[in-house]
Amino acid sequence: MKKTMSILLTMILIMGLFTGCTGTNANSESDKAASSTELNIYMWQQYISDDLIAKFEEENNAKVNLSYMSDNADAITKLTAGGGQEYDLIMTCDAYMESLVDGGYVEKINFENIPNASNINDSYWTAKEYCVPYLMNYIYIIYNKDTSPVEIKSYNDLINPALKGQIASIDGARNLFPIALVALGYDPNSVNESEIAEAYEWLVKYNDNVVAYGNAEQNLTNGTASVAFTYDGNASWAMSELGKDNNLVIADFENDPVQLGFDLYVIPKGAKHVDLAEKFLNYITDPEVMAANLVEYPYSCPNDVAVQAASEAYRNDPARDFDYKQNVFFQEDVGEAITIYNDYYQKLKVGE
Amino acid sequence: MSLSKLQKRKRFGELIGMIYSIAIYTVLYIPVLVMMIFSFNDQRYNYYWNGFTTEWYSKLFSNSTVIGSLWYSIIIAVLATVISVTIATIGALGLRKYEFRGRKFINNMLFIPIIVPEIVLAVALLIIFMKVGLALGMGSILLGHCTFCIPYAVVTIKGRISGDGYSLEEASMDLGASRIQTFFNVTLPSIMPGVMSAAFLSFTLSIDDVVMSNMLAGAKNSTLPVLILSMNKSGITPDINALTTIMILVIVIAMILNNKIKNALSKRKKAEGIL
Amino acid sequence: MIQRNSFKRKTLPALAMAGPVSIWMILFVTLPMLYIIYISFMSRGVFGDVVYTFSLDSYNTLLDSTYFKVIVKSIKAASLTTLLCLLIGYPFAYYIANKPKEVASKLIMLIMIPFWTNSLMRLNSWLLLFQTSGPINKFLLFTGVTDTPLNFVYTNGLVMVGLITSMLPFAVLPMYSSIEKLSKSLLEASADLGASKRTTFFKITLPLTFPGIFSSIILVFIPSLGMYYVTDMLGGGKVLYIGNIIKNQFGAIRNWPLGAALSVLLILITGLLIFIYTRFAKIEDMEVV
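Chains as they are written, first to last, in this note's numbering: chain A, 943 to 1294; chain B, 1049 to 1323; chain C, 730 to 1018.
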């Protein structure tokens, strides 16, 4: 008898776990009607000022729960597995927007509640009804002018054998293949298999020169690498870390375009606190608020009004001082061709 | 008195063994030491050594996210250990003792979480949890952690169950003890070392888990390893090093205290015995 | 009456004891794995979702030589890790097992403590230590051993160091417990009968501790097949093992059916290895710690 009791107890414990959780679920469901007091955001770590979050909480008498992803794919995995309704705002990037909209994973945004969105420069704003751009990244080349054996003026300089083991690079098929395609004179979002195959051959040479994927700033500042293919915001860290008279320079590209990517907020399908999410989006697009945020997180920003209001130091950041800013390309959805990219990417990493 | 040749050889062997183990402990502790040293690094992210500061320790205590995630990790690890070890202990005994249909199947299933990369099970659990409408949060992380802790615990405990345990149990029951009494007075003590190792292993696996927690974490809280993983894009800030340093110090102090208390107790026992 | 009695005496306790673990395994392992097997036969949608129509695409993809190469490479690396862990770990376990119980338990505890700190942080420490401007290189430059900084980071050697330091406890624990369980009288008897130390070791100690060694092999070999973050961090992400590829299919690449098919393949391979091993070694149950 006692044993059955103990088993029952164990079972109750396990069931308790379930019901305990679904219980909280039901609660959040019920307070949907009233104005929300809770906002769940899923985004990058070290990407938004804590003070600004605290101010928002105070102004709206609400609790903001920030949780962080370690990879863009994390957000997509959660959305596609159906975990989106756990969050009210999810950060993703422009390259994923088309498939997220077509897959029906995100809600349409009511811009009537977000008047500040008009501060954002909309020349690059894709899927406009479904997202609000937050910050943006140029993916470009910086190098140490003292230690790099090559002066870099184009992507093709990166496969110069003199650079063997010198490049710290960001990773990912859809970041690497475009530069190879551009270097070869093709469309960076090509869906043509023979072009992608050629790009693969180019990347094999590039791969020989790469010392490590990831940790670009660390490897550039500690001398492991002399060239980095990285985001402008991270380059800004590296430059300020090495002090005023650092020897890092931005590659002086003559013709090649650079990739520009947006980090943006979407409201996932089934989000429970849409009202507060809209308030937050309006808050973060406020020029004053965003300008304060840029002091702490000096990334490029599509909010033109905020950039004008931003600090002197931000506007004169050497990491954004290059003259081919208009010569950009974007990651676009390549449809079925993504499997071709992935196959070649794996081949590249597997080697020989 | 000269040492015999055998004794000399024994001493020499002991010396070699000691040097060898010190070398291994050194290699295991070097990363921990480097981590502790870099908690005093005067740099926004730990790129390289840039000078001494203690500011990360004061910053740490004002950073509620980091402290909160540490508590969250500890609570989950303790609960996961208790649940896994309870289920695994009675489970290991049951699987050893009783023949039933499907036993082999369950034994094979226990291998799966050890074999498959964690991400596979994590994604599969995520999808299933979403399908049944289980909200993500502590509950889902716990279920995930127990799922990989139980197999390790069962395998660990099973190794400790010896054949002659059964005759002791039978003897105990012949003498009129109930099953429950037998379990607590005879069976459990005999497998206690295994249970302790299982608890140790479960706690270690749970507190350091990244993959499962990352997939199954809800919107409100995340565990410390998940927080650290998410710092990978920008770099790990030295306040995490400060936190780890404090953790290690607390563990070491707790162990020393535990030791002291044990010694004091055994001395008192001895003293009482003499009286 | 008799039936009822036997129910109370055997079925009920069996149910009570083996029940919870069985239910847990069925709910949280069998079901998810069935789902994984199921989607491995589905196809990938344009948006990276799973389209529920039957297809053998994923398994056809596996026939590509790339995957064969990755698997061979992964097995090689995992085997090397396992071998080194055993060679390093056995004498260490032997040393600890011959200490008094009190001391031994403390020594075991000392092995585990570093593992209560974050594994990513520990791996990062190796980078900080060995990087171009790191303390090791500074020391070598200072003492004049070398004129230019040596390249330690992002090499296979450092990946091996990372793998071994991450896996060593899982090798030591099972071997320790099987050596410790070894009856001392047996060894004495062997010595009394005139066997040399070496003979005793190879004829008695090694065979009798074989179950522990076997557990160590399983606990080191299998997880090191899937330890993608060690190669990611210390290898600079230039090398992919099977674990990385599966992770990428579920993550960045979002081809879940292919990831599922790769997982099924991995389970089959490891299952086969265990099967061959247990047959060969005539072991019925794994013994750990």
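Since the hints were made in silico from the structure, they are not lab data.
A few of these clues could be false.
Here are the simulated DSS-like pairs of lysine-lysine, each with C-alpha atoms no more than 25 Å apart in a straight line [what the hints assert, rightly or not]:
(1) C:Lys830 to B:Lys1315
(2) C:Lys926 to B:Lys1056
(3) A:Lys1147 to C:Lys802
(4) B:Lys1056 to C:Lys798
(5) C:Lys828 to B:Lys1318
(6) B:Lys1268 to A:Lys997
(7) B:Lys1318 to C:Lys830
(8) C:Lys828 to B:Lys1315
(9) C:Lys967 to C:Lys798
Proposed proximity, lysine 830 (chain C) with lysine 1318 (chain B) (alpha carbon, max 25 Å): Answer holds: lysine 1318 (chain B) to lysine 830 (chain C) is near 19 Å, not above 25 Å.
25 Å Cα cutoff - pair lysine 1268 (chain B), lysine 997 (chain A): 19 Å, holds
Given pair status - lysine 1315 (chain B), lysine 830 (chain C), alpha carbons within 25 Å: 18 Å, holds
Lysine 828 (chain C) paired with lysine 1318 (chain B) [C-alpha distance capped at 25 Å]: 23 Å, holds
Restraint status (C-alpha distance of lysine 1056 (chain B) to lysine 798 (chain C) at most 25 Å): Roughly 53 Å separates the two Cα atoms, so the pair is violated.
Agreement of lysine 1147 (chain A) and lysine 802 (chain C) with the hint, judged by alpha carbon distance not exceeding 25 Å: Roughly 22 Å separates the two Cα atoms, so the pair holds.
Given hint lysine 1056 (chain B) paired with lysine 926 (chain C) - CA-CA distance at most 25 Å: With Cα atoms ~15 Å apart, lysine 926 (chain C) and lysine 1056 (chain B) stay inside 25 Å; holds.
Restraint status (C-alpha distance of lysine 828 (chain C) to lysine 1315 (chain B) at most 25 Å): 22 Å, holds
Pairwise hint evaluation, lysine 798 (chain C) against lysine 967 (chain C), where the allowed Cα distance is 25 Å at most: Holds. Lysine 967 (chain C) to lysine 798 (chain C) sits at ~15 Å (cutoff 25 Å).
The structure shown violates just one earlier hint, number 4.
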